[in-house]
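Asker: Listed below are the residues making up each chain.
Number of protein chains: 2
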Amino acid sequence: MRCAVCKKKAEVYLPHHNLALCREDFIRFFHKRIKKAVDDFKMFSEEDKLLVAVSGGKDSLSLWDSLLKMGYNADGLFIHLGIGDFSKRAFEIVKEFSENRKAELIIINIKDEFGGKTLPELVETTKGVPCKVCGKIKRYFFDRIALKENYDVLLTGHNLDDEAAFLLGNIFNWNIEYLAKQSPALPEEDGFKKKAKPLIYLTEREIAIYSFFNNIKYNELSCPFSKKAKSHLYKESLHQMELSLKGLRIKFYKGFLRNRKLFEKAEKNYTLKPCKICGYPTSSEICGVCKIKIKAEVSEGEK
Amino acid sequence: MRCAVCKKKAEVYLPHHNLALCREDFIRFFHKRIKKAVDDFKMFSEEDKLLVAVSGGKDSLSLWDSLLKMGYNADGLFIHLGIGDFSKRAFEIVKEFSENRKAELIIINIKDEFGGKTLPELVETTKGVPCKVCGKIKRYFFDRIALKENYDVLLTGHNLDDEAAFLLGNIFNWNIEYLAKQSPALPEEDGFKKKAKPLIYLTEREIAIYSFFNNIKYNELSCPFSKKAKSHLYKESLHQMELSLKGLRIKFYKGFLRNRKLFEKAEKNYTLKPCKICGYPTSSEICGVCKIKIKAEVSEGEK
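In order, the protein sequences belong to chains A and B.
So the first sequence is numbered by the numbering used here: it starts at 1 and just counts up by one.
So the second sequence is numbered by the numbering used here: it starts at 1 and just counts up by one.
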């Protein structure tokens with residue numbers, strides 16, 4: 001098979017684009033897909049100061065790598081969750097990545113923020129659902145650091161598979177409010193910087209190929225909590241269907257973006273105000289993360 | 001395992017209701033589920049003259065059987081499509097079913113209506129997609145006969161699996177107009193009688209058990225055209241997900257019914273008028289079935 005661009009030997013075939021490419025043209029294709037998402041949703045410009053939330057996985061590292069190569073001003077933010085070997089390995093990888101590229105990396109250690117407790121310990125003491133507690137804490141520090149360090153846009157590595165699976169889950173459960181909010185880019189608001197997902201037009205497989213072609217080392221360990229996540233099931237179902245219906249996910253997701261306004265009237269019927277303890281925008285008196293802190297300390301006291 | 005109602009030995013376990021039942025109580029449960037759908041969507045009353053569209057499959061025959069046992073005034077309508085052994089077998093089964101129950105059966109033979117042509121021949125000469133041509137023709141005769149013979153409501157055997165798969169397909173493709181129209185009951189309109197789907201709260205598996213418990217013989221042959229239908233793929237995916245997420249389909253479908261109004265503003269921006277040839281309501285000058293007739297004759301003349 002020949003590269004559709006330069007006619008050299010192709011190294012990759014992309015079924016839903018019906019496109020064969022050599023290594024160099026695949027990398028160019030990958031960066032173009034990012035640029036397209038950035039332009040389609042006016043995510044950021046070349047002058048903006050970007051903060052990429054990096055987990056040590058291939059998605060966020062491929063995003064950071066791409067942005068640096070594309071000439072953007074992009075720093076990284078890593079939240080050390082303290083989930084045993086998984087977090088240790090993630091930290092090593094992200095640190096090495098940033099050092100090799102002489103890129104700025106901000107590190108937040110959960111233990112420093114929650115009186116010495118790791119994420120598994122917080123889950124245990126608050127009796128929370130791991131992925132919910134983790135998501136809440138990560139979102140909190142993403143927002144806080146972007147604001148405090150005055151970045152223009154906070155970026156996450158959500159890809160097409162993630163967004164399509166999230167969409168399917170929200171539709172199965174008719175979470176209209178989530179559907180109204182699910183967007184490739186969210187504008188700046190009181191207490192929040194602008195947020196964007198530049199990888200929405202790229203699949204997990206395309207990102208895996210990109211990281212392989214660019215020798216991006218990523219955390220090969222999976223989070224021990226993630227096995228139970230329903231999102232895996234939705235993702236797997238979409239993968240299975242995609243085998244017979246090429247392009248299903250991208251059509252499904254793009255169709256949603258075109259029709260998202262249908263859900264918007266259900267959006268946000270509450271107002272956010274600063275948390276009484278930390279100032280983070282919240283719909284109640286005290287924000288979710290401060291509640292975790294309180295719960296964790298109470299449980300501690302009870303022992 | 002014991003029957004949840006009478007404590008006798010259970011013969012069936014229904015995972016998404018977490019319910020074990022004996023044969024007699026399962027049959028009562030089955031009829032109650034039908035009654036619940038009938039009441040929830042005001043489908044029909046005991047005084048109404050009902051017409052059940054029967055294909056020879058287990059869904060429509062279980063529906064007809066149930067309605068007769070529940071004391072409703074229900075006749076059958078069978079469209080003989082002329083699809084080789086599949087249609088022959090379907091016809092034998094439906095005829096025997098109606099004779100055994102001394103129930104009224106109306107038979108429409110495609111060949112009598114389309115100048116001697118069977119469905120496969122119509123598909124061939126019109127170069128149509130089989131399931132689309134078939135669906136158009138069946139809907140046409142369902143509507144025409146219900147109107148001509150003055151039935152109050154036309155009933156079809158669509159079950160929960162069908163409706164959930166149809167819903168998923170319409171969502172994947174963002175067919176907003178179809179989503180706006182997908183309903184367990186459609187009111188009477190100019191040129192159409194009322195239509196309803198009393199099996200929406202029952203799964204394929206529950207219907208298979210009902211037909212087994214009641215010795216309902218059904219067509220064991222599959223339509224040779226049906227293999228290519230995308231709806232099978234959606235149905236299979238939903239089945240797979242249901243294995244891990246019990247009750248997924250019923251929650252998904254009921255959630256849709258609660259939120260259907262979101263799609264309604266996109267509904268019907270065209271008006272129907274009688275077909276110039278046959279009088280059937282259509283959005284163009286000539287209805288889809290008359291167009292098939294014209295096309296089939298043109299192709300015939302060209303030979």
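Some hints could be false.
Because identical chains share one entry, a pair is satisfied inside a single copy or across any pair of copies.
[Stated by the list, open to error] Below, a list of computed lysine to aspartate or glutamate pairs in the DMTMM-like style, where the Cα atoms sit at most 20 Å apart:
hint	residue 1	residue 2
1	Lys295	Glu11
2	Lys261	Glu177
3	Lys194	Glu99
4	Lys273	Asp190
Everything labelled a hint here was simulated from the structure, so no lab data went into it.
None of the values given here were measured: they were computed from a predicted structure.
Asker: Determine for every hint whether it applies to the structure shown.
Answerer: Checked hints:
In this assembly of identical chains, Lys295 and Glu11 lie within 20 Å of each other by CA distance neither inside one copy nor across copies; the values are 53 Å within and 48 Å between. For a Cα distance limit of 20 Å, the shortest separation of Lys261 from Glu177 qualifies both inside one copy, at 12 Å, and across copies, at 15 Å. Proximity of Lys194 to Glu99 under the C-alpha cut-off of 20 Å is found in neither arrangement, the shortest distances being 27 Å within a copy and 70 Å between copies. For the identical chains of this complex, Lys273 and Asp190 are intra-copy neighbours only, at 9 Å inside a copy versus 54 Å across copies, given an alpha-carbon limit of 20 Å.
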